[in-house]
Structure formats: structure tokens, C-alpha cells
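Top line first, the protein sequences correspond to chains A and B. According to numbering that gives the first Met the number 0, the first sequence is numbered sequentially starting from 0. According to numbering that gives the first Met the number 0, the second sequence is numbered sequentially starting from 0.
Treat each hint with caution, since some may be false.
No farther apart than 20 angstroms at their CA atoms in a straight line, the calculated lysine to aspartate or glutamate pairs in the DMTMM-like style are these [claimed, not checked]:
1) B:119 <-> A:54
2) B:220 <-> A:65
3) B:164 <-> B:111
4) B:223 <-> A:119
5) B:223 <-> A:122
6) A:22 <-> B:34
7) A:18 <-> B:68
8) A:22 <-> B:111
9) A:22 <-> B:68
10) B:164 <-> A:113
11) B:163 <-> A:114
12) B:223 <-> A:113
13) A:18 <-> B:34
14) A:60 <-> A:70
15) B:119 <-> A:117
16) A:18 <-> B:213
17) B:164 <-> B:213
18) B:114 <-> A:94
19) A:60 <-> A:73
20) B:163 <-> A:113
21) B:119 <-> A:119
22) A:18 <-> B:41
23) B:184 <-> B:237
24) A:102 <-> A:139
25) B:220 <-> A:54
26) B:114 <-> A:54
27) B:114 <-> B:87
28) A:22 <-> B:67
29) B:184 <-> B:213
30) B:119 <-> A:94
31) B:223 <-> A:117
From the structure, some residues in chain B lie toward chain A, with a derived Cβ separation under 8 angstroms [stated by the list, open to error]:
32) 1
33) 45
34) 71
35) 75
36) 94
37) 123
38) 168
39) 171
40) 200
No wet-lab data here; the hints were simulated from the structure. All C-beta atoms in this analysis are idealised placements derived from N, C-alpha and C, irrespective of residue type, glycine included.
Residues per chain are reported as follows:
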Amino acid sequence: MTSVAVIDYGMGNLHSVAKALEKVGQGTEIIVTHDHKKIEQADRVVLPGVGAIRDCMHEIKRLGIDQVVADVVEQGKPLLGVCVGMQALMTFSDENNGVDCLKILPGHVAYFGDDLHDPETNERLKIPHMGWNQVHQTYDHPLWHDIDQDERFYFVHSYFVEPVEIGMIAGSSNYGISFTAAVAKDNVFATQFHPEKSQHVGLQLYKNFLNWNGRV
Amino acid sequence: MSLAKRIIPCLDVDNGRVVKGVQFVDIRDAGDPVEIARRYDEQGADEITFLDITASSDDRETMVHVVEEVAGQVFIPLTVGGGIRKVEDIRRMLNAGADKVAINTAAVFNPEFVKEAAEKFGSQCIVVAIDAKKVSAEGEPNKWEIFTHGGRKPTGIDAIEWAKKMVDYGAGEILLTSMDRDGTKIGFDLELNAAISEAVNVPVIASGGVGNLDHLVEGVKQGKADAVLAASIFHFGEYTVEEAKQRMQDAGIEVRL
Numbered sequence: 000m001t002s003v004a005v006i007d008y009g010m011g012n013l014h015s016v017a018k019a020l021e022k023v024g025q026g027t028e029i030i031v032t033h034d035h036k037k038i039e040q041a042d043r044v045v046l047p048g049v050g051a052i053r054d055c056m057h058e059i060k061r062l063g064i065d066q067v068v069a070d071v072v073e074q075g076k077p078l079l080g081v082c083v084g085m086q087a088l089m090t091f092s093d094e095n096n097g098v099d100c101l102k103i104l105p106g107h108v109a110y111f112g113d114d115l116h117d118p119e120t121n122e123r124l125k126i127p128h129m130g131w132n133q134v135h136q137t138y139d140h141p142l143w144h145d146i147d148q149d150e151r152f153y154f155v156h157s158y159f160v161e162p163v164e165i166g167m168i169a170g171s172s173n174y175g176i177s178f179t180a181a182v183a184k185d186n187v188f189a190t191q192f193h194p195e196k197s198q199h200v201g202l203q204l205y206k207n208f209l210n211w212n213g214r215v
Numbered sequence: 000m001s002l003a004k005r006i007i008p009c010l011d012v013d014n015g016r017v018v019k020g021v022q023f024v025d026i027r028d029a030g031d032p033v034e035i036a037r038r039y040d041e042q043g044a045d046e047i048t049f050l051d052i053t054a055s056s057d058d059r060e061t062m063v064h065v066v067e068e069v070a071g072q073v074f075i076p077l078t079v080g081g082g083i084r085k086v087e088d089i090r091r092m093l094n095a096g097a098d099k100v101a102i103n104t105a106a107v108f109n110p111e112f113v114k115e116a117a118e119k120f121g122s123q124c125i126v127v128a129i130d131a132k133k134v135s136a137e138g139e140p141n142k143w144e145i146f147t148h149g150g151r152k153p154t155g156i157d158a159i160e161w162a163k164k165m166v167d168y169g170a171g172e173i174l175l176t177s178m179d180r181d182g183t184k185i186g187f188d189l190e191l192n193a194a195i196s197e198a199v200n201v202p203v204i205a206s207g208g209v210g211n212l213d214h215l216v217e218g219v220k221q222g223k224a225d226a227v228l229a230a231s232i233f234h235f236g237e238y239t240v241e242e243a244k245q246r247m248q249d250a251g252i253e254v255r256l
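Please take these sequences and the hints and turn them into a complete structure.
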């Protein structure tokens with residue numbers, strides 16, 4: 000039996016993530032935990048997250064999860080970051096007057112801005128970017144298996160990731176500007192959107208993650 | 000390629016059963032919340048909102064179980080409102096599988112609660128529900144006031160100023176209900192909705208008064224709503240969510256189909 004650890008550092012969406020994994024993961028053991036040993040023994044790891052990055056990083060460090068995540072990545076195990084879990088993987092975030100992140104993926108996390116407009120219609124765009132937006136798959140990654148090009152996923156965020164290497168962008172979206180909706184590097188995949196709240200397409204992404212060996 | 004406008008069916012839940020009050024007085028039973036949520040999910044609802052109208056706090060636990068059960072079967076965002084008064088109420092709902100909570104009366108009596116909630120759980124899961132009623136007379140400049148207790152008690156608070164304050168306090172979204180229109184089926188108060196939507200930088204959900212699909216279109220176009228909420232037109236099978244989305248798309252509105 001394979002196993003997946005959902006890292007529990009007190010951030011809200013981990014229950015939804017676990018429920019989505021349960022739905023698609025027949026024969027997979029789903030462990031919601033912050034126990035270092037259990038995380039390291041799991042075959043796959045999910046780093047969820049919602050809320051403010053300062054609080055997330057504070058809890059990650061307090062529980063010693065920063066080192067565990069680094070080890071998991073080093074070992075080549077498939078790792079999925081979701082929303083603030085994705086942002087936490089980057090070098091640095093502009094949120095909360097600047098917060099150092101896990102530095103697993105080179106790049107930083109930027110704010111959309113308070114005066115955002117649709118360049119075509121000039122409609123004012125609200126922050127947070129909340130709702131269903133299209134994700135353009137930039138290349139054929141195993142986590143996009145059986146998901147249509149430009150399919151809609153559910154987002155809720157005010158900050159977005161800017162990776163240093165363009166090649167890390169696995170999916171992009173548009174909200175006044177083009178922004179990174181998914182990043183991938185070796186055995187790491189991370190999404191700004193919430194697959195656990197994106198109905199069938201989101202469940203398919205979790206299914207793909209459970210079938211992924213961490214190679215591209 | 001852009002963000003879709005959302006359609007949100009709303010389920011008023013009393014002690015575990017879905018009901019919809021007409022002007023909050025004449026309440027009819029429309030069934031099992033889990034079953035209805037699943038049906039809306041299949042029809043393509045973008046989110047589902049539950050308003051717990053259970054009077055007795057002893058029965059509130061029922062709502063937690065409803066949310067738990069729905070969250071295990073329906074993988075779209077779930078919002079729960081009604082009776083959210085303490086940090087502990089929010090934690091319980093989020094742990095049960097809700098993604099957002101709507102704070103209404105508690106925000107009016109204790110605005111600091113919104114601040115505390117947003118700091119603790121993040122603005123993304125804090126919706127402030129505003130019940131507003133027009134108080135200006137014909138010919139006067141428009142003015143809307145916040146009402147509590149199902150629209151019966153005036154507070155003297157200006158609705159636009161209140162919406163701005165709630166966003167400053169950390170609300171990530173506003174659920175705006177016109178108490179003049181709720182249950183009337185004559186359409187949203189479009190002026191109210193546009194006024195609030197233009198005054199704040201967070202998404203605004205229009206609510207109260209939907210009687211047909213054109214009302215949803217107007218809500219987005221004239222009312223500048225980021226999402227539209229409706230109950231009875233969906234509950235009694237008059238329209239499906241899919242039909243509603245089709246109508247919106249035909250009117251040139253971006254939707255998830």
C-alpha cells in the first residue's frame with residue numbers, strides 16, 4: 000500500500016485536501032500529520048496552505064517542517080504544494096512586509112496590486128482573485144494527464160509566484176496580467192489554485208499526483 | 000481568457016433540512032441538504048452557500064454534520080453562515096470542511112470579531128454578510144442602512160460605509176442581501192449592489208430578489224456583481240444552474256460551463 004502525507008501545520012485547507020485524496024486514492028493510505036518520521040516515510044507528500052505567509056512560515060519553522068520538506072525534495076519523492084503551500088516553497092514573499100520562505104524553488108511571491116484592470120475591457124479587477132479561472136498548460140507534465148487545455152480551476156489569492164526560471168512554469172493564468180498558476184521542477188509540482196475545490200478536474204490532478212513517480 | 004462570474008445556489012438550513020423563506024416569514028421545506036448540494040454540484044454550481052437558520056444553539060451541531068457530509072462528496076467551495084459568533088464557531092466549520100464562513104449579526108455588534116477572524120484564519124475565508132434596506136425616500140439621493148434580525152431591526156449604519164469598514168477589517172468578500180428584494184422575485188437591488196461593488200476592492204456577491212435568469216445577468220452587468228446568489232429559482236426546479244450559466248454566457252458574461 001502506498002502512502003501520502005498531508006503536512007498538518009494548523010492551516011485550514013488540509014481537511015479538504017485529505018478528503019479529495021480519499022476520494023481518488025483507493026488503496027492509498029492518507030496520513031495528516033506534522034510528525035517528521037511519518038512524513039519522511041510516506042511515498043508522497045502534500046504541502047497545503049491558506050492564510051497569510053508569515054503565519055504559515057512561522058508554524059512551518061516552529062514544527063521543524065522546513066528541514067523535512069527539504070529532505071523529501073532531496074530524496075526525489077513527489078511533492079505537491081497547494082496555494083500558500085506553493086508560495087512557501089519559493090525564496091521570498093513580499094506579503095507581510097517581506098517573509099523568507101523555504102528556498103526550494105528559486106523565485107519570489109508578488110502582490111497583484113490594488114489598481115488592477117482588465118487590459119481589454121478596462122473592467123476593474125477585485126482582489127483577492129477569487130473564483131474559477133482558466134489554466135493554460137505550458138507543457139505536457141504528468142500531473143496534467145487527462146485534464147483539458149485551458150480548463151478552469153478554483154483560485155483564491157492576492158499574491159502570485161514569479162519563478163526565476165521561465166522553464167519552471169507548468170501552467171499560467173490571466174488576471175489583468177499573466178501569472179504563474181503552476182510550477183514544476185524535478186519531483187516538485189505546485190499549484191496556486193485549489194485542486195481540492197476544483198471539482199472533477201481538481202480530483203483528476205490529485206489522481207495524477209498519486210500515480211506520479213516524481214519524474215517528468 | 001479571464002475569471003468567470005460565479006453562480007452560487009444558497010441553501011437555508013433549519014435543523015438539518017433545507018428551507019427557503021419568502022421575506023423570511025413563509026417557510027417551505029425543500030429537502031435534504033446533502034442531496035441538494037450534490038445536485039447543484041452536478042449542475043455546475045461554482046460554490047454552495049449554507050445559511051444555518053436554526054434558532055436553538057443546541058441544534059447547531061447538526062449543521063457541522065451536514066457540512067462534514069457534503070464536504071466528503073462535493074469538491075467545490077462551501078460557505079457557511081448563520082450563528083457564526085465566536086472564533087471557535089469558525090474553527091469548527093472550517094474543520095468540518097467549509098472553506099469560508101459568513102459573519103453577519105456578530106460583525107454588527109462586534110466589528111473587532113471580523114478583524115480577529117481574518118487575522119486568525121486569513122481574509123480568504125471571511126465573508127461579511129450585509130443585510131441592507133433602502134431608507135431614502137423617492138427623489139432623495141440613495142441611502143441604504145444595515146438591518147439585523149432578518150431585516151426587522153435598523154442599526155442606523157450606512158451600508159456603503161459599513162462595507163468599506165468591513166473590508167478594512169479583513170473581509171475577503173461581501174455577501175450583500177437587499178432586504179427590500181429578498182423573497183420578492185423581482186430582481187436584485189441593482190443600484191445598491193453597484194454602489195457597494197464600486198466602493199470596495201473585494202468581490203461582492205449579489206443576493207435577494209432573483210425570480211428569473213435575466214435577473215442574474217442584470218446583477219452582473221448593471222449590479223457589477225462578481226458572483227450571484229439565488230435559492231428558490233433553483234430549489235423548485237424552475238431553472239437549473241446550467242441553464243442559468245447558459246443564459247449568462249449568451250449575454251456575453253464569462254462563466255464556467
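Hints and how they fare:
Distance restraint check for residue 119 of chain B and residue 54 of chain A: the Cα-Cα separation of roughly 9 angstroms lies within the 20 angstroms cut-off, and the hinted pair is therefore satisfied. For the suggested pair residue 220 of chain B and residue 65 of chain A, the alpha carbons sit about 47 angstroms apart, so the restraint of at most 20 angstroms is broken. As the CA atoms of residue 164 of chain B and residue 111 of chain B are separated by approximately 11 angstroms, the hinted pair is consistent with the 20 angstroms bound. For a cut-off of 20 angstroms, the pair hint linking residue 223 of chain B to residue 119 of chain A stands: about 17 angstroms separates their Cα positions.
About 10 angstroms separates the Cα atoms of residue 223 of chain B and residue 122 of chain A, which keeps this hinted pair within 20 angstroms; it holds. At most 20 angstroms may separate the alpha-carbon atoms for a hinted pair to count; residue 22 of chain A and residue 34 of chain B meet this at roughly 18 angstroms. This hinted pair checks out: residue 18 of chain A and residue 68 of chain B have alpha carbons roughly 11 angstroms apart, not beyond 20 angstroms. The straight-line distance between the Cα atoms of residue 22 of chain A and residue 111 of chain B is roughly 38 angstroms, outside the 20 angstroms bound, and the hint therefore fails.
Straight-line distance between C-alpha atoms of residue 22 of chain A and residue 68 of chain B comes to about 13 angstroms, which keeps the hinted pair within the 20 angstroms bound. With a CA separation close to 17 angstroms, the supplied pair residue 164 of chain B and residue 113 of chain A stays within the 20 angstroms bound. Between residue 163 of chain B and residue 114 of chain A the CA atoms are separated by roughly 16 angstroms; this keeps the pair inside 20 angstroms, and the hint holds. Our distance criterion of 20 angstroms between C-alpha atoms is met by residue 223 of chain B and residue 113 of chain A, whose separation comes to about 18 angstroms.
Under the criterion of a C-alpha separation no larger than 20 angstroms, the hint pairing residue 18 of chain A with residue 34 of chain B is consistent with the structure, at around 18 angstroms. As the CA atoms of residue 60 of chain A and residue 70 of chain A are separated by approximately 14 angstroms, the hinted pair is consistent with the 20 angstroms bound. The straight-line distance between the Cα atoms of residue 119 of chain B and residue 117 of chain A is roughly 32 angstroms, outside the 20 angstroms bound, and the hint therefore fails. A hinted pair counts as satisfied when its Cα atoms are at most 20 angstroms apart, and residue 18 of chain A with residue 213 of chain B does not qualify at roughly 36 angstroms.
Straight-line distance between C-alpha atoms of residue 164 of chain B and residue 213 of chain B comes to about 32 angstroms, which puts the hinted pair past the 20 angstroms bound. With a CA separation close to 18 angstroms, the supplied pair residue 114 of chain B and residue 94 of chain A stays within the 20 angstroms bound. Restraint check for residue 60 of chain A and residue 73 of chain A: the C-alpha separation of about 18 angstroms stays at or below 20 angstroms, so the hint holds. A hinted pair counts as satisfied when its Cα atoms are at most 20 angstroms apart, and residue 163 of chain B with residue 113 of chain A qualifies at roughly 14 angstroms.
Our distance criterion of 20 angstroms between C-alpha atoms is broken by residue 119 of chain B and residue 119 of chain A, whose separation comes to about 37 angstroms. Distance hint between residue 18 of chain A and residue 41 of chain B is fulfilled; the C-alpha atoms sit about 18 angstroms from each other, no more than 20 angstroms. Distance restraint check for residue 184 of chain B and residue 237 of chain B: the Cα-Cα separation of roughly 12 angstroms lies within the 20 angstroms cut-off, and the hinted pair is therefore satisfied. For the proposed pair residue 102 of chain A and residue 139 of chain A, the alpha carbon gap of about 25 angstroms is over 20 angstroms, so the pair is violated.
Annotation: proposed proximity of residue 220 of chain B to residue 54 of chain A is violated, straight-line Cα distance about 38 angstroms (limit 20 angstroms). Our distance criterion of 20 angstroms between C-alpha atoms is met by residue 114 of chain B and residue 54 of chain A, whose separation comes to about 16 angstroms. Taken as a hint, the residue 114 of chain B and residue 87 of chain B pair is honoured in the structure, with Cα atoms around 15 angstroms apart against an allowance of 20 angstroms. Between residue 22 of chain A and residue 67 of chain B the alpha-carbon distance is near 14 angstroms, which keeps this suggested pair within the 20 angstroms criterion.
A C-alpha spacing of about 11 angstroms is found between residue 184 of chain B and residue 213 of chain B, which places the hinted pair at or below 20 angstroms, so the restraint holds. Proposed proximity of residue 119 of chain B and residue 94 of chain A is supported: the alpha carbons are some 16 angstroms apart, at most 20 angstroms. Using a Cα cut-off of 20 angstroms, the hinted pair residue 223 of chain B and residue 117 of chain A holds, with the two alpha carbons roughly 14 angstroms apart. For residue 1 of chain B, the interface hint holds, the least distance from its beta-carbon to any beta-carbon of chain A being 6 angstroms, beneath 8 angstroms.
Contact between residue 45 of chain B and chain A, as hinted, is supported at the beta carbon level, the nearest pair being about 6 angstroms apart and thus within 8 angstroms. Restraint check, residue 71 of chain B versus chain A: the minimum CB separation of about 5 angstroms is within 8 angstroms; hint holds. Interface hint at residue 75 of chain B: satisfied, since its Cβ lies 5 angstroms from the closest Cβ of chain A, which is below the 8 angstroms cut-off. At a threshold of 8 angstroms, the smallest CB-CB gap from residue 94 of chain B to chain A is about 6 angstroms, leaving the interface hint in force.
A distance limit of 8 angstroms between C-beta atoms decides the matter here; for residue 123 of chain B the minimum to chain A is near 5 angstroms, and the interface restraint holds. For residue 168 of chain B, the shortest C-beta to C-beta distance to chain A is roughly 15 angstroms, which exceeds 8 angstroms, and the interface hint is violated. Interface hint status for residue 171 of chain B: upheld, as the beta-carbon distance to the closest one in chain A is roughly 6 angstroms, under 8 angstroms. A distance limit of 8 angstroms between C-beta atoms decides the matter here; for residue 200 of chain B the minimum to chain A is near 6 angstroms, and the interface restraint holds.
The structure shown violates the earlier hints numbered 2, 8, 15, 16, 17, 21, 24, 25, 38.
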